Each structure stands twice: as structure tokens, then as C-alpha cells.
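Student: Could you build all of it, start to finish, from the sequences and the hints given here?
Those protein sequences? They're chains A and B, same order as listed.
Our numbering puts the first sequence at residues 1434 to 1862.
Our numbering puts the second sequence at residues 1434 to 1862.
These aren't lab readings, by the way, just hints derived from the structure by calculation.
Since the structure is predicted, the reported quantities are computational estimates derived from the model, not experimental observations.
Yeah, the Cβ is synthetic: ideal placement off N, Cα and C, and Gly gets one too.
Careful: at least some of the hints might be erroneous.
Which chain B residues face chain A? A few, computed with CB under 7 Å, are given here [claimed, not checked]:
1. Thr-1439
2. Gln-1467
3. Ala-1469
4. Leu-1502
5. Thr-1506
6. Ala-1861
7. Gly-1862
Number of protein chains: 2
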Amino acid sequence: MRMTQTFVPVLKENPSEAQIVSHQLMLRAGLVRQTAAGIYAWLPLGFRVLQKIENIVRAEQDRAGAAELLMPTVQAADLWRKSGRYDAYGPEMLRLQDRHGRDMLYGPTNEEMLTDLFLSSATSYRDLPKMFYHIQWKFRDERRPRFGVMRGREFLMKDAYSFDLDEDGMRVSYNKQFQAYLRTFAALGLKAVPVRAPSGPIGGDLSHEFHVLADTGESAIFYDAALEDISIDDPDAVAKLSATYAMEEEEHEKVMDCPVPQERLLKRRGIEVGHIFAFGTKYTQSMGFTVQGRDGTQVHPLMGSYGVGVSRLMGAVIEACHDESGIVWPEQIAPYRVGIINLRQGDAGCDSLCDTIYERLTNAGVEVLYDDRDERGGAKFAGMDLIGLPWQLIVGPKGVSAGTVEVKNRRTGERTDLSLEDALEKVAG
Amino acid sequence: MRMTQTFVPVLKENPSEAQIVSHQLMLRAGLVRQTAAGIYAWLPLGFRVLQKIENIVRAEQDRAGAAELLMPTVQAADLWRKSGRYDAYGPEMLRLQDRHGRDMLYGPTNEEMLTDLFLSSATSYRDLPKMFYHIQWKFRDERRPRFGVMRGREFLMKDAYSFDLDEDGMRVSYNKQFQAYLRTFAALGLKAVPVRAPSGPIGGDLSHEFHVLADTGESAIFYDAALEDISIDDPDAVAKLSATYAMEEEEHEKVMDCPVPQERLLKRRGIEVGHIFAFGTKYTQSMGFTVQGRDGTQVHPLMGSYGVGVSRLMGAVIEACHDESGIVWPEQIAPYRVGIINLRQGDAGCDSLCDTIYERLTNAGVEVLYDDRDERGGAKFAGMDLIGLPWQLIVGPKGVSAGTVEVKNRRTGERTDLSLEDALEKVAG
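Tutor: Listed below in C-alpha cells is the structure:
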């Protein structure tokens, strides 16, 4: 993509409303723009990253055997009255009325809707187990939205739901999602710690939060250093991680006798990016759904629900992956892999070499952003560092004469002058 | 995908609430389920089709040079007060208040928001021309939602917006979108007629609707038979189509002297699936945005907006592509390419052959839905015809003994007994 054909409104100054680094960088790099308190438009670069994160989340849900569907954003209040949550939910629920005065709401989550969708068709044990997910916009009317997309009001969430016949089945489903979460965060290049959690308003006994480690994280977590030695490729990773001590500060402080020796107890800051719950028959009972069990009696299926904040993950990635010059994207979710900087736009030699590079990389299937703006070199350097693409190809009159292109690795800062062929090979990956 | 691992709740009977065939078939084939009046959940099969339609729309927008972004669903009322449309829009706008009592709305369209997003950053003629699009859920609170996703309240729309410096530029952008629409509908396997349209509430002079021809279409259109001879591959297709008479009935009746001789005037039924507008400075004036022109004076950019009903298109495709047994999907948007019917689930020979077929096609990248339910053959035949995948592979004890698989083409109904290898080759495409 040529920068003049898309829309990357980079800002030189830190916007005054942004308190944390991911929020500052997302605004400065032109990834998002706030359109109302806690509500964001995803500009072209930000949207590309969002799609890539979404696709990584999707791939791991598919692998876990969850079927994808898509539920609407607007829900009927009656569905929530059935479960008892319409009154319980509080002011974070965005309530509204349609033109006929019917009570509706903008879904903050979908336990009720999916339970109704699936169990009004399921009749027997043969329809179970089943796991579903969707990736859809949610709204939670935070009293004080802040930190950009980290605590926005309209946000993109992957929420999955499992239905099982018995407690053992529910744990199998729970562990499948646990595993999917470990894989998802690893695929995003993030180190995530699963933390035993109280279950909160969704209810139930078994629950973990996943925290991405970042110095700027909102919460402190305490965990056994042994946790860091557990590989997610270990087939018993879920069992081992579940058995390893990890708590959020507030919960940790309630623990009278911490089982972890002081020298092995780590304290780190984390950002919550996922939350999984197994809550049994909470909704199937309150909403009155049963299926025929193997012995012919009617049983309430047991459920779990599993959320990942897809849009929030972008903030978390940036908190974990940046330096003083800007974002340093992990390759797998960078909006483009390569940025071309033309130091003298309008110079025949520079333009021609940039066009060649752009076409050859594009034809080779490499995603390229070409800064073809009529701007000074300094602004282009700063902008490209800020945007944080993994590789930069810098084209100027000197290189054109010498027959070289400068290749810069954004993460290491290493710069090398290479022939065109070597430069293309280096960045193509 | 194995049918037992996903969720395809096919219905034997026509649901009483569905009046038109696409609505009936979408419910019966388990593509969607209504969750509130005019609001639908997209079940796994329906969601797959929706994604494929979305991707075809996306590809043609990208080709037209439009930059993709994503605007939120909830908008601040103040933005619409600026353009004057907050009061003008009427009861189809879903209005709401957040917890602080601020007026908000669920976006029915995005002219105001995108104008504000882009033009608050654009300063000069060098920032133009520019074209954007997004594919996002919209809400229009229809008084009487009906016909399933054809006239729903929450619906998925692709809306694009162009910004140009002058009238000529605006026409170039308009024609690019016109061309993109022709290509989009052709890629979906649909015959669409562009009809000169009054512009309605969006405003402006130049406007076309695109109608998919279907006997069950909601509106009647009149057009010159010469229109059918214009190929969309003709580089002058847009100019020729624009110059060819085509009107919706209501507009046609206002025409005093129809320029088309009676014998060349066709009357067909159509479904509106797209609408494009060029409305000039309507929003840039009302919202007070200018950029510096080439001569240094401040000018109001000229705009166009371009909508496609992505979710509605699924209904339109089914209206155009079905028979008495069910849906007949065009290959490019079928939820799966091949369906496997196991006529005797649990029989070792049948199960093994089905598993082999399933694995080989899946490994070859062919999308397969395997009906592995413990159901009678009759129900599986009817269900697979209803779902309408292009190819069926039917595996029964007789074939297993004879070493053959029955291949059925859903469109033609042709059935052939073939060896496994020939059957796989035939359906792989």
C-alpha cells in the first residue's frame, strides 16, 4: 500500500488525553481515533492489526473444536430477564428501547443468547458436548473509560461457550479452552500467566484469568517461578499450570499461608487479556433448559464461557512491545512487514527504485507500506519507527548511485547497506 | 467439518413466520435464527456464507483503491446534530442514552463520522482524492421488519465514502465504485441491473441502485433490453450502462416519454442490493470542512457514498438460486463445496470410506461437510439438498461392496457412480 492512498495520520506530539504508552502510541501512529468517550474508530493500520489478532484467535478456537457463529449486538431484554441478569447487571449494561418501546440492550456478553439458541434445538445427550464461539463487538458502559482500547466501551471480544453433560465433560472443555488460550497468546508473541480467579458476575467455581506480563500492567500478580519453566508444548501444560501458584494481588493477600517459598515467589505486573469460567448449570437451570441424559432422565447441561479481549490485546501487545521511538510489532501481527522510505520523493532514480522494490515485494506476497509522501527524511524516519513495521528499506540518492538499499531492522536497530537483491531477500523472510 | 461437531439445526417444516422463499430456506437450512424482531444470529453455515460474501465485497473495494477501516457501531448524537440529520432522520434511527445521559445512537450509516475522521486530518488538495470503506453492523429500526435478513433491523453493510476536490474527480470516484459494484455482483454469480435512482435522505443528484433480478423480487424495474448485451468486461461498461434506460417502477411511471421502444422495454422483478450516491458538498458544507485548493483558496471537498447490503445479499442470492428442494449455492459462496452423506452410520465399511473421503478432501484444501449423524438416509438426502452444497458424495453399503461412490451435482441433479479416485477428482474442482 502506498501511504498516499491510505490514511495514516501520525501525530508528532503525545495527545494530552492519553496516560499510558499503548494509548499514546496507538493515537500517534494513526491506528485508532476516539469518536466518543471510550469508543474508537480503527483507522487502516489499526484495522489491519485487529484483523490479524482476530485471525490468530480464530485459528486457535477452530483447533480447539469450537464452531464459529455470529450473534447480533442488540439483544432483547426478555432473554436477560429469564436468567435474572437484566436487573443484576448494573449500569455497565447499555439499555435502550426500540421504536415500539420494547426493552433492548447492547450485548455485554452472550451466555443467555447462546444458551437459548443452542439448547432450544438440542434434545439429548447425543447433541453434547458442543463448543461455540463468536467474535463480535460488545458494549460495556464503563463509568470512566480510559487507557484507550484497554478499557473502552465498545470493544471486540471473542467469547466461547461450552455445553457438556457432566462435570468431567465440562472440565475437558474448560481445559481445551485453557490450552487454546496458551497457544493464542504465544502465537501473538506474548508471555501470558494464567491466574486462578474468583469468578465474579458470571458465576461458578472454576475460573482463570490470563495476564500478559508488561511493566506498565494495571494489576500486580504473584506467582511461583516454577511457572516460567512450563512449556506450552508440554502435553500436560494445562494440568501443570493449573497446579502452580499464581494469584492477582488482591486474592494473593487473602491467602494466609502462601505455599510458595519466598525466594520462588515472583511479583510482576500484568494486563488481563482473557478470562475463562466453568459455571455448571447456572444458566441452564435459571433458563429452564434440559436434555435427555443417557439414562433417560432430563439433565441440565453444564456450561463454561471463555472470553478474550481482541481489541484490548492490541493495547497489551503494544505495552509489551515498544521502545522510545514507537511500536515494535511482532512480525505475525504487524500491519505490514516492510516499510519503504523514499528519502527524495520526485527524484527519478529514487522513485524508480522504490517502485521496483514495491512491485517486487508485493508480487512476492510480502505486505509493504511505501511512504511515498512528499515529506522530509526526518519525518519519514520518525514516522516509520513510530509505526513499528519489522523491516525498513531506505532509498536515497546516495544509495541509488552506489546501487544499494539500506535495510533497517526495527527491533535491533541494525542498519546494513545491501544490493537490491540481497535487501529483498533479507526482508522477504 | 463433521456435522456432529457443528450446529446445523435443519427444519422439516416451513416456519410460519417466513413469507418469502429466502427467509424460509435460511431458517430451514439452519443458516440463521431470529433472536428478536428483525435481528438474527448467524449460525455456523450462515456465518460461513456471510464471510464469503464479505470477502468478495472486500476484494472489489480493495481493487477500486478504497482503504479499509472500521468505525464503531455506537455514535455520538452531536456528530449528527452538526450535519442536521439527528432531527431529520426519523424513527428508524435507534437512539439511546449512555449512563451519563449523553445522547447516542446506533449508526444507520457513517457519512458524518467518516467526514469528521478524515477531514479533521486532511488539510490540502494533496490529501485528495481518497476513498474509504468499512464493513460493519448497522441498525435501522424498521417499523415492520420482515422477509428475514432482507429487511432486518441489525444488518451488515459495506459503506464506502469518496472525497474529491472537484466535480470531475467526484465522477471518477463514483464510476470506480459503479465498476466495483458490477464486478462484485458478477463475482457472486448474480445478474444485477443498475437503475437510475432518486437520491432520498442521503441527498445529491447522481445516484444508482443495483437490483438483482429474481422473480420474487420486491420491486419491479423497467429497462432497455440493450442493457443485457453490455458486458461488465467492456472497459466502457459503466458509461454504457449509465446511458441505458433503467428505472424502478415508481420512477418509470413518472417518465412522460419513455425513450425505449415498447418492444425493447423489459419489465423484471428485482431486489435492491446496492445504492451509490454522489452528493457533492452536502456534508462538508454542513459540517464546515474545507481543504486548501490548488489555487490557495479553501474549498469544500465533494463526496460520494456507496452502500452494499452484505447480509441482505445472502437473501438475494437465495431468491435467485434455489429450487423446490432447497438452496443451490453458487460455488464461490457455498458454505462448503462438498457434502458427504453416510447412508449407514456405524457400519464399519461406510464409516471408514467416509473418513477416507473426508480426510483426503480436507487435506487437499476442499471444504467438506460430512453428515455423520445417526439419521435415516431420507433425512440426510433431504437435508443435504436443502443446504444446497454444490456436490454430494453418497456412501452406502452397496457402493462400498462395488468399490464406488455416488456423486451428485446439486444444480443439475445428475448422479453418477464413480470409483473413489474419480469421485474425488470430480468434486475437487
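Student: Hints first: check each against the structure and report whether it holds.
Tutor: Hint check results:
1. Restraint check, B/Thr-1439 versus chain A: the minimum CB separation of about 4 Å is within 7 Å; hint holds.
2. Annotation: B/Gln-1467 was flagged as interfacial toward chain A, and the flag is violated, the nearest CB pair being 10 Å apart, outside 7 Å.
3. Hint status for B/Ala-1469: holds, given a least beta-carbon distance of 4 Å to chain A, under 7 Å.
4. Look at B/Leu-1502: its Cβ gets to within about 5 Å of chain A, closer than 7 Å, so that hint holds up.
5. Interface restraint check: B/Thr-1506 against chain A, minimum CB-CB distance 6 Å, threshold 7 Å, status holds.
6. Checking B/Ala-1861 against chain A: minimum C-beta separation of about 22 Å lies over 7 Å; hint violated.
7. Against a cut-off of 7 Å between C-beta atoms, the interface hint on B/Gly-1862 is violated, since the closest Cβ of chain A lies about 23 Å away.
Consistency with the previously given hints fails for numbers 2, 6, 7, ordered from lowest to highest.
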